[in-house]
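Participant: Make the complex out of the two chains shown on their own, each in a separate frame, by following the hints.
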Amino acid sequence: MLGHQRWFKMSLAISISQYIQKLHDGELSSEEFIAKTLERIKKVEKNLHAFISINENAIVQAKQIDKKIKANEKIGSCFGMPISIKDNICTKGMKTTCASKMLEDFVAPYDATVVSKLRSEDAIIIGKANLDEFAMGSTTEHSYFGPSRNPWNTDCVPGGSSGGSGVSVSAFECMASLGSDTGGSVRSPASFCSVVGLKPTYGLISRYGLVSFANSIEQIGPLARTVEDIAFILNIIAGRDLHDDTTIENGTADYTKDLDTGVSGKKIGIISEMVGEGVDKDVQSATKHAISTFEKLGAQCIPISLDSAKHSVAAYYTLSSAEASSNLARFDNIRYGFDFSLEGYEYNSYISKVRSNLGPEVTRRMLLGAFVLSSGYYGKYYQKAQKIRSLIKSQLTESFEKVDLLLAPTMPILPFKIGEKIDDPLKIYLLDINTIIANLSGIPAISVPFAMANGLPIGIQLFANSLQEKQLLQSAYALQKTTNLPEVPI
Amino acid sequence: MVDKKEIEHLSDLIKIEIKDPQKYILQVEQILNYFERLDKVEITAEDLLSQELTLDNLRDDKFVPYEDNLIEKLKKTRENFVRAPKMV
Chain A
15 MLGHQRWFKM
25 SLAISISQYI
35 QKLHDGELSS
45 EEFIAKTLER
55 IKKVEKNLHA
65 FISINENAIV
75 QAKQIDKKIK
85 ANEKIGSCFG
95 MPISIKDNIC
105 TKGMKTTCAS
115 KMLEDFVAPY
125 DATVVSKLRS
135 EDAIIIGKAN
145 LDEFAMGSTT
155 EHSYFGPSRN
165 PWNTDCVPGG
175 SSGGSGVSVS
185 AFECMASLGS
195 DTGGSVRSPA
205 SFCSVVGLKP
215 TYGLISRYGL
225 VSFANSIEQI
235 GPLARTVEDI
245 AFILNIIAGR
255 DLHDDTTIEN
265 GTADYTKDLD
275 TGVSGKKIGI
285 ISEMVGEGVD
295 KDVQSATKHA
305 ISTFEKLGAQ
315 CIPISLDSAK
325 HSVAAYYTLS
335 SAEASSNLAR
345 FDNIRYGFDF
355 SLEGYEYNSY
365 ISKVRSNLGP
375 EVTRRMLLGA
385 FVLSSGYYGK
395 YYQKAQKIRS
405 LIKSQLTESF
415 EKVDLLLAPT
425 MPILPFKIGE
435 KIDDPLKIYL
445 LDINTIIANL
455 SGIPAISVPF
465 AMANGLPIGI
475 QLFANSLQEK
485 QLLQSAYALQ
495 KTTNLPEVPI
Chain B
1205 MVDKKEIEHL
1215 SDLIKIEIKD
1225 PQKYILQVEQ
1235 ILNYFERLDK
1245 VEITAEDLLS
1255 QELTLDNLRD
1265 DKFVPYEDNL
1275 IEKLKKTREN
1285 FVRAPKMV
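Chains A and B are the protein sequences, given in the same order.
Residue numbers for the first sequence follow my numbering, beginning at 15 and rising by one.
Residue numbers for the second sequence follow my numbering, beginning at 1205 and rising by one.
Next comes chain B alone, as it looks inside the complex (with noise of 0.2 Å):
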């Protein structure tokens, strides 16, 4: 069951100030009891396939220096320094 208590923990996980978690709750509910049939799903060992990636064609690991000077198309910035707010 998804409540407000849990919205408001989710919320706090990924740093999102919800201002109506009553919003939130029937819908998230809603979906995650969709979600809840691939817990149905019977699962052989056969098929606990890993995700497989070979990369054997990675790229030299050499310096290559950036000429665009980035730090000036960021905000708020002086000389070289970004301004981050006030957190007391």
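So here's chain A without its partners, still in its complex pose (with noise of 0.2 Å):
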């Protein structure tokens, strides 16, 4: 029997590095942990709603894992950890809604490639997290099951889409998450709720099994509260699929090796367009406290100019809603979905009509892509959009022949109030000016919580040259070395 003592003692605030020490050593089982933070869950749900559904066989699954061990049985590196996967990224037997009605039930039969490999090193799916309805929104309040809340202040949106994991990671429902990042998705709640989060080089990770919104921009990235544990995740999860043939050999990189080497002698451009007009004053004081800091370390910072940067956010929304109104072209409510009568239509009206059920966020990007794709339009926007993203992906080459890194803040703004903003989409689009770039181009870039506003937080953004995962790891642990930040208040 556990000791009650020990019991309130153990704490959830431990690295995945700490807990697999514990496991190892057998101070902890795996069971006391997940038994733990299930508890949490339900203790914070109420106030957070992190969470889509609820894995009921965590605790099951544990016992198995703590029967392996001690049987001395080979043994995953996850050790039954807790992590949560975006609702949008298949999981087997456990439902995949992309928050939405239109897949209201939807079990998937087989598991993403990300999924199956976190499995397979043993971690336990403890639930599947928050989004907005399909990826689309940039604050989780385009959720169909209602919107996420930021766990430093209750009133204001987590960022999104993958809101869900970001405050999950933050409220310690569990060690580590899975986002998507089409546009910012993982950086924007990694920001807003001072946890890492990491969007990796395009092909880096496997994208079977995540439910398409804009293939050739998105990207899956985990979230967590260190960078080591986010190389630790990466180390899993990265590499070529065969069932996903945009991948990318990676050999046998090893991220969680060589973390301290420093930036001593790096080169950081910081990126002009990023931090001035439009960014709130706290953002811009953090930004230059980060960029002293990085001097301090020993790296050489000088700006950068990005020129193609300030029409990165038109280019995406045509591009990303192109690809949008085709890829949900899919989903006509009629092989799995909720219940919809079949009777009595005329020829056509059924599938309007149960895709009426779209939410209003999901409904404007299929206009807009439609729209940018019609006859007469497709040279004004979508071949537009083509030929600003290839500039701005030769500009950010041009940029990395000088520096090593670039820097900017990951989002212009500290998170708001929810629902001031959900009248605005413009507004709300116009908010992902400092992430887009690296979707566009395909390069890695990672949010690290450095600073702290009015209570809440400020995370800063570094970008890398295409599969410079190791050295973006570096510089970001390196910044992460100097905060000292406050432990989350709820």
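Hints are not guaranteed to be accurate.
As the list claims (entries may be wrong) - With a straight-line cut-off of 30 Å between C-alpha atoms, the simulated DSS-like cross-links for lysine-lysine are:
id: 1; chain 1: A; residue 1: Lys394; chain 2: B; residue 2: Lys1208
id: 2; chain 1: B; residue 1: Lys1208; chain 2: A; residue 2: Lys115
id: 3; chain 1: B; residue 1: Lys1244; chain 2: A; residue 2: Lys324
id: 4; chain 1: B; residue 1: Lys1227; chain 2: A; residue 2: Lys441
id: 5; chain 1: B; residue 1: Lys1279; chain 2: A; residue 2: Lys115
id: 6; chain 1: B; residue 1: Lys1266; chain 2: A; residue 2: Lys131
id: 7; chain 1: A; residue 1: Lys435; chain 2: B; residue 2: Lys1227
id: 8; chain 1: A; residue 1: Lys109; chain 2: B; residue 2: Lys1290
id: 9; chain 1: B; residue 1: Lys1244; chain 2: A; residue 2: Lys416
id: 10; chain 1: B; residue 1: Lys1279; chain 2: A; residue 2: Lys367
id: 11; chain 1: A; residue 1: Lys106; chain 2: B; residue 2: Lys1266
id: 12; chain 1: A; residue 1: Lys77; chain 2: B; residue 2: Lys1277
id: 13; chain 1: A; residue 1: Lys367; chain 2: B; residue 2: Lys1290
id: 14; chain 1: A; residue 1: Lys324; chain 2: B; residue 2: Lys1227
id: 15; chain 1: B; residue 1: Lys1209; chain 2: A; residue 2: Lys367
id: 16; chain 1: A; residue 1: Lys109; chain 2: B; residue 2: Lys1279
id: 17; chain 1: A; residue 1: Lys367; chain 2: B; residue 2: Lys1280
id: 18; chain 1: B; residue 1: Lys1280; chain 2: A; residue 2: Lys115
id: 19; chain 1: A; residue 1: Lys441; chain 2: B; residue 2: Lys1208
id: 20; chain 1: A; residue 1: Lys435; chain 2: B; residue 2: Lys1223
id: 21; chain 1: B; residue 1: Lys1223; chain 2: A; residue 2: Lys431
id: 22; chain 1: B; residue 1: Lys1280; chain 2: A; residue 2: Lys109
id: 23; chain 1: B; residue 1: Lys1208; chain 2: A; residue 2: Lys435
id: 24; chain 1: B; residue 1: Lys1277; chain 2: A; residue 2: Lys131
id: 25; chain 1: A; residue 1: Lys407; chain 2: B; residue 2: Lys1244
Because the hints were derived from the structure by calculation, they are not lab data.
Facilitator: Written out as structure tokens, the structure reads:
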């Protein structure tokens, strides 16, 4: 029997490596930790709503893992740690709703590659995290199941679209999470919830089993409380996958190695277009502080102009809406979906009627996508957006000839009140101004918690050239080491 | 200019019945106006790089049977059929 004393002492606020050590030394069992996590979830979920569903079998799975450890059987590197998965990533035997009425009861018949990789390392999928419907949004307010709330101030949005992922990691409802990042959807909640979030190089992580929104742009990415934890998860999920031919062979890269290399002698470009006009004063001063911190650590910081970045929002929303309008054409509610009477329709009207259950943001994006692709407008919007995408890519390539990394605040403003901007979609789109270039060009980017203002988190974003994740993580680690941030108040 | 007729036309293209087209007119127009800036960007011939993608590491084109009986996971099935709505 577990002593009461020990039960209460055991903290959920430990890093992945501490967790593994404790499991290894027999100081802690997976069952204890999962039980404590579920207790925590029960306590905070009514205020936070990070999850759409919780894994009912988590305790049973933890017991099986403890049994394996006891019997000295081969055990995966995750030792039964709880991980949450954004609900647009397929999990066998658990619902995958995409936070949409259209997939309310959908249970995927297979695991996404990232999920099967985690499971084969004995991770426990503790629950499916809330998101904006089909990952379209930057606040998690567009979930059919209701918004998630920011654990630092529950009146505020947690960012999005992987809001539930950010919240669950920040509020100790899991050790790490997987989100998806199409225009900043991992980095935005990471910044707003004070956790680390990585958007990897396009192709580094398999998208097999991720419900498609904009295939040419999106990537799955991890969220965790420290850079070391991100590196640990990345080691497991990165690499070539036969089910996704856009994946890249990354050899035997070990992202957890040499994290403390430092930034001495590195050149860091500060993106001029992302630190000035339109950026909140507190965010500006945190950015300045981050720059001087890097200089103190021995890096050289120089301003870099990326003038194509100012067109990135228009280009991104043109391209992603176009891809979305074709990707979401498959949802007809016939093979799976919610109950809808099959009787008595005029030819064609069933599909339009049933699809009116898509939420307003998804509908808006589909309208935009259909418009920019329609005849007469294609050259004006879609083709131009593709050219700007190329321009951004070539300007970034040029920049990386001069510097090793680029820096900008992740979000131009602090977390804001739920409902405050919901009627002004363009204003919400413009919040992605600092994150989108990574998606349009395919380069990796990371958001690191760096400062607080008025009790709300500020994240600093670093970009590196394609497949330079190792360098990116090393610099993020150096920055993280200088911070001393408060614990989440919930 | 986006008007009610345009929204209705688009709604037909995307196969989503829109009960209140008025709600979308202003927002879609505002966003499209913002997109207008794309057309104003001067792009020289040098910038017209096409997206290059070389795939030389494709898997073998081999039939791998899928063991799971997927049809059981679909709704409204009878034997091996999915029931579709009656459209007349």
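Participant: Determine which of the earlier numbered hints do not hold for this structure and return their numbers in increasing order.
Facilitator: Failing hints: none at all.
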